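So the protein lines, in turn, are chains A and B. Residues 1 to 220 (our numbering) are what the first sequence spells out, left to right. Residues 1 to 341 (our numbering) are what the second sequence spells out, left to right.
Be aware that a few hints might be false.
[Claimed, not checked] Pair by pair, the computed Cβ-Cβ distance ranges are: (1) B/E152 x A/A165: 29 to 39 Å; (2) B/D17 x A/E52: 12 to 22 Å; (3) B/R234 x A/D22: 18 to 28 Å; (4) A/E168 x B/P216: 25 to 35 Å; (5) A/G189 x B/E152: 20 to 30 Å; (6) A/G56 x B/E135: 54 to 64 Å; (7) A/G151 x B/I232: 48 to 58 Å.
[Claimed, not checked] Covered stretches of chain A (chain B as the covering partner; in silico rule of three or more C-beta atoms under 8 Å from a C-beta of chain B): (8) 21–28; (9) 67–80.
Please keep in mind that the hints were generated in silico from the structure rather than gathered at the bench. If you're wondering where the values come from, they're calculated on a predicted model, not measured in any experiment. Each residue gets a CB set at the ideal place from its N, CA and C atoms; glycine is no exception.
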Amino acid sequence: MNGASLRACVLAAADALEASRDELCRLDAVAGDGDHGVTMALAARAVRQKLEESPGASGADLLALVALGVGSVGGAIGPLYATALLRAATALRGLGTSEGDPTVGEIRACAEAGAAAITGLGHARPGDKTIVDAVAPAVQALADAEATGAGVPEALEAAIAAARAGAESTTGMIATLGRASRLGERGRGSADPGAASFVVALEAAVRTYLGPVGAEPAGA
Amino acid sequence: MATSGQAGGRYKKLINDPFAVVDEALEGFASAHADLVRLAAPRVVVRRTPAPDKVGFVVGGGSGHEPAFAGYVGLGMADAAACGNVFASPPPDVVLEAIRAASSGRGVVTGYGNYAGDVLNFSLAVELAAAEGIEVREIRVSDDVASAPRNEAEKRRGIAGDIIVFKCVGAAAERGDPLDEVERIARKANAATRSMGVALSACEVPGSGRLTFELPADEIEIGMGVHGEPGIRRGPLEPADEVARALVQTIVADIEGGVAGRPIALLVNGLGATAYLDQYIVYRAARRLLEAAGATVARSYVGEFITSLEMSGASVTVTVLDEELTALLDAPARTPRMVVW
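From just these sequences and the hints, can you work out the full model?
See the structure below:
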């Protein structure tokens with residue numbers, strides 16, 4: 001994936017998060033303090049501003065800018081995304097493939113690095129009703145796709161489906177970490193807002209990358 | 001995007017752009033209290049006159065809790081406050097900026113409520129500060145007895161007990177205590193402090209367009225947190241005396257050795273939309289109950305110390321005192337919200 005389309009993917013994710021503000025606030029009002037939609041909308045604004053300030057940034061440098069933008073919103077979600085994106089950027093840099101389209105294995109490697117940062121910082125495991133419940137299955141889907149030799153579009157579609165199923169599975173979970181953990185049984189029946197917003201961002205970014213259904217992967 | 005204060009919202013708010021509330025409020029705050037504080041950077045409030053050669057003290061957390069946290073910057077309390085978005089911890093760079101401002105070479109203590117976001121962001125800032133050669137100790141205030149059982153006290157969140165802890169820490173730093181000693185005081189004050197709250201109605205995060213929780217008009221929630229985190233039980237609205245009894249009983253039962261024969265500080269905190277009239281009625285009830293339990297109410301504080309936007313409700317905080325903590329509470333302070341002389 002070249003810089004221009006990574007930028008387009010990030011901007012699409014930002015747009016989608018802003019458009020989902022109400023729904024994310026609604027989820028968070030059940031589970032936490034009702035601000036998750038506002039927080040992610042602020043993150044989207046901050047990211048957009050960072051990208052405007054550096055119109056030439058691409059690849060790992062662009063991911064690092066996105067990290068700074070999301071991180072600036074603070075809360076729990078800010079440092080989690082910031083660290084994940086910085087680790088993914090480092091992984092991308094290490095691959096030395098900022099030119100040309102990435103392979104499934106390269107996408108998986110970056111995603112894995114990001115996911116490891118989230119679990120390392122937040123100490124959440126699958127089943128704790130957090131963003132990890134969406135992130136971990138997505139990474140696993142990428143690894144499975146890599147193992148079966150699937151193409152990038154197929155792998156990314158599988159990642160979206162896995163993330164969405166993971167986020168939906170949080171509906172039946174009881175939170176054990178973060179502010180939502182104070183909820184106990186009453187949190188059951190509502191999805192985790194952090195997992196939900198991850199799916200929103202991932203889906204928008206991937207759809208932009210792949211282009212309209214049936215079309216060839218988008219270039220620049 | 002909503003540009004009017006009321007667009008899509010449930011509460012009438014006196015705001016402009018819902019995304020600009022924090023910066024506009026901080027600008028107003030800093031200019032209103034320009035004799036005491038100034039904005040050193042966006043979201044970083046510092047003393048107008050920095051204190052030389054003492055342990056620095058940084059407080060912080062999400063906005064929406066005004067007068068917390070910037071209201072406690074000044075002589076005898078904090079050197080700097082790091083302010084986040086509404087109900088969201090400030091990011092590490094803001095906290096780091098506050099730590100730098102508070103540092104005079106003798107180390108810095110950060111004090112904040114024990115929430116996942118604050119822990120993440122402050123911890124990252126502490127690492128960044130350490131890389132710059134600033135030694136930082138952290139105190140995570142965890143006074144809310146409703147948020148976790150006693151055997152998991154480290155999981156408890158911080159609510160109005162923040163104020164008692166911050167007052168003691170600030171006074172210890174102001175009198176020149178070394179870093180180890182200020183940290184000891186911080187842990188001691190936190191361990192001696194317990195709180196519990198009640199919510200009567202919800203608040204609305206600007207821009208969210210909805211209330212943080214739904215509570216029927218005739219119900220209250222005992223144990224609810226300052227961000228609308230669910231409490232431990234919901235029930236019909238009861239007289240203030242009954243609500244105070246539920247809070248005080250839970251607090252006292254949580255104090256090892258109880259309160260009989262011990263001096264205590266009693267703080268009643270309004271959450272934002274509860275009248276001072278009501279707060280004093282709650283204080284009266286809490287005081288009677290504590291005295292009946294054998295405590296001596298040695299120090300009292302009533303008012304809005306850490307709010308939750310326009311949430312209606314109150315909390316009761318009890319700190320078991322000794323001579324050391326009492327002296328620290330009585331030490332002079334001059335901040336926008338806390339004046340002791």
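So, going through the hints one by one against the coordinates:
no. : hint                        : verdict
1   : B/E152 x A/A165: 29 to 39 Å : holds, 32 Å
2   : B/D17 x A/E52: 12 to 22 Å   : holds, 19 Å
3   : B/R234 x A/D22: 18 to 28 Å  : holds, 25 Å
4   : A/E168 x B/P216: 25 to 35 Å : holds, 29 Å
5   : A/G189 x B/E152: 20 to 30 Å : holds, 24 Å
6   : A/G56 x B/E135: 54 to 64 Å  : violated, 40 Å
7   : A/G151 x B/I232: 48 to 58 Å : holds, 52 Å
8   : 21–28                       : holds (count 4)
9   : 67–80                       : holds (count 10)
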